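A.B. asks: Each chain, letter by letter, is given below.
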Amino acid sequence: GAGVSQSPRYKVAKRGQDVALRCDPISGHVSLFWYQQALGQGPEFLTYFQNEAQLDKSGLPSDRFFAERPEGSVSTLKIQRTQQEDSAVYLCASSRGGVTTDTQYFGPGTRLTVL
Amino acid sequence: AQSVSQHNHHVILSEAASLELGCNYSYGGTVNLFWYVQYPGQHLQLLLKYFSGDPLVKGIKGFEAEFIKSKFSFNLRKPSVQWSDTAEYFCAVNYNFNKFYFGSGTKLNVKP
Chain A
1 GAGVSQSPRY KVAKRGQDVA LRCDPISGHV SLFWYQQALG QGPEFLTYFQ
51 NEAQLDKSGL PSDRFFAERP EGSVSTLKIQ RTQQEDSAVY LCASSRGGVT
101 TDTQYFGPGT RLTVL
Chain B
1 AQSVSQHNHH VILSEAASLE LGCNYSYGGT VNLFWYVQYP GQHLQLLLKY
51 FSGDPLVKGI KGFEAEFIKS KFSFNLRKPS VQWSDTAEYF CAVNYNFNKF
101 YFGSGTKLNV KP
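Residue numbers (our numbering), protein chains in the order written: chain A, 1 to 115; chain B, 1 to 112.
The set of hints was computed from the structure by calculation and includes no laboratory data.
The structure displayed is predicted, hence computed values, not measured ones.
All C-beta atoms, glycine included, are put in the ideal place defined by N, C-alpha and C.
Incorrect hints may appear among the rest.
[Stated by the list, open to error] Just a few of them, taken from the derived set where beta-carbon distance is under 7 Å, the chain A residues facing chain B:
hint: 1; residue: 54
hint: 2; residue: 56
hint: 3; residue: 62
hint: 4; residue: 65
hint: 5; residue: 101
hint: 6; residue: 108
[To be verified] Label-pair ranges, simulated between beta-carbon atoms:
hint: 7; chain 1: A; residue 1: 12; chain 2: B; residue 2: 20; range: 22 to 30 Å
hint: 8; chain 1: B; residue 1: 15; chain 2: A; residue 2: 27; range: 34 to 42 Å
hint: 9; chain 1: B; residue 1: 20; chain 2: A; residue 2: 115; range: 20 to 28 Å
hint: 10; chain 1: B; residue 1: 14; chain 2: A; residue 2: 38; range: 26 to 34 Å
hint: 11; chain 1: A; residue 1: 102; chain 2: B; residue 2: 9; range: 23 to 31 Å
hint: 12; chain 1: B; residue 1: 42; chain 2: A; residue 2: 62; range: 27 to 35 Å
hint: 13; chain 1: B; residue 1: 15; chain 2: A; residue 2: 68; range: 44 to 52 Å
hint: 14; chain 1: A; residue 1: 63; chain 2: B; residue 2: 58; range: 31 to 39 Å
hint: 15; chain 1: B; residue 1: 51; chain 2: A; residue 2: 41; range: 41 to 49 Å
Go ahead and model the full structure; you've got the sequences and the hints to work with.
C.D. replies: Laid out in structure tokens, this is it:
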């Protein structure tokens, strides 16, 4: 089947705007992760869902960041009042089960540029 | 804070040369270890992983990695690289349920 997809692939926002980034995981995958990847850095954990439950949101940098996965499939990462430091690639990954040794499958990412 | 260090940011090799990319982590307990690769224009994908058993693990495309607990290391190796191995390589560590910590990546450029 299809892999993980993300939309939009590119997003330009003016500082202060709200943005919503979408992730479609592989069908049937239980676990879903969001990461933030700044230029020249590795992915940094933001949040984790197991089905519809957000089990860990400790990596979200501020209360302007909010993620949801209401039906246990598609997930949305929302950033309110964007700041220039939010500019990064946002990666979504899914894995089949709830075990940490399961392989994570990554999407192509959404490149967010905040002007 | 826990960290993952990748010592080389950019490596240039000729085809058929041997490769070793370093990865060190700072957590002293039980860890799961991963190497991911991102080929130009493609998504991050898993190369190999270690969570228990034989500390020498083999992955796809002839890559292998060795877990040395006493050195907190999980170095990636390949005896003979090919031009198609040109990519960015990321080491990742998991020790806390669902949290994964990635290194900053090593860009490998293989000259034909």
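A.B. asks: Confirm or reject each hint.
C.D. replies: Each hint, compared with the structure:
no., hint, in the structure
1, 54, "violated (11 Å)"
2, 56, "holds (5 Å)"
3, 62, "violated (17 Å)"
4, 65, "violated (16 Å)"
5, 101, "holds (5 Å)"
6, 108, "holds (6 Å)"
7, 12(A) with 20(B): 22 to 30 Å, "violated (40 Å)"
8, 15(B) with 27(A): 34 to 42 Å, "holds (39 Å)"
9, 20(B) with 115(A): 20 to 28 Å, "violated (42 Å)"
10, 14(B) with 38(A): 26 to 34 Å, "holds (31 Å)"
11, 102(A) with 9(B): 23 to 31 Å, "holds (29 Å)"
12, 42(B) with 62(A): 27 to 35 Å, "holds (31 Å)"
13, 15(B) with 68(A): 44 to 52 Å, "holds (47 Å)"
14, 63(A) with 58(B): 31 to 39 Å, "violated (44 Å)"
15, 51(B) with 41(A): 41 to 49 Å, "violated (25 Å)"
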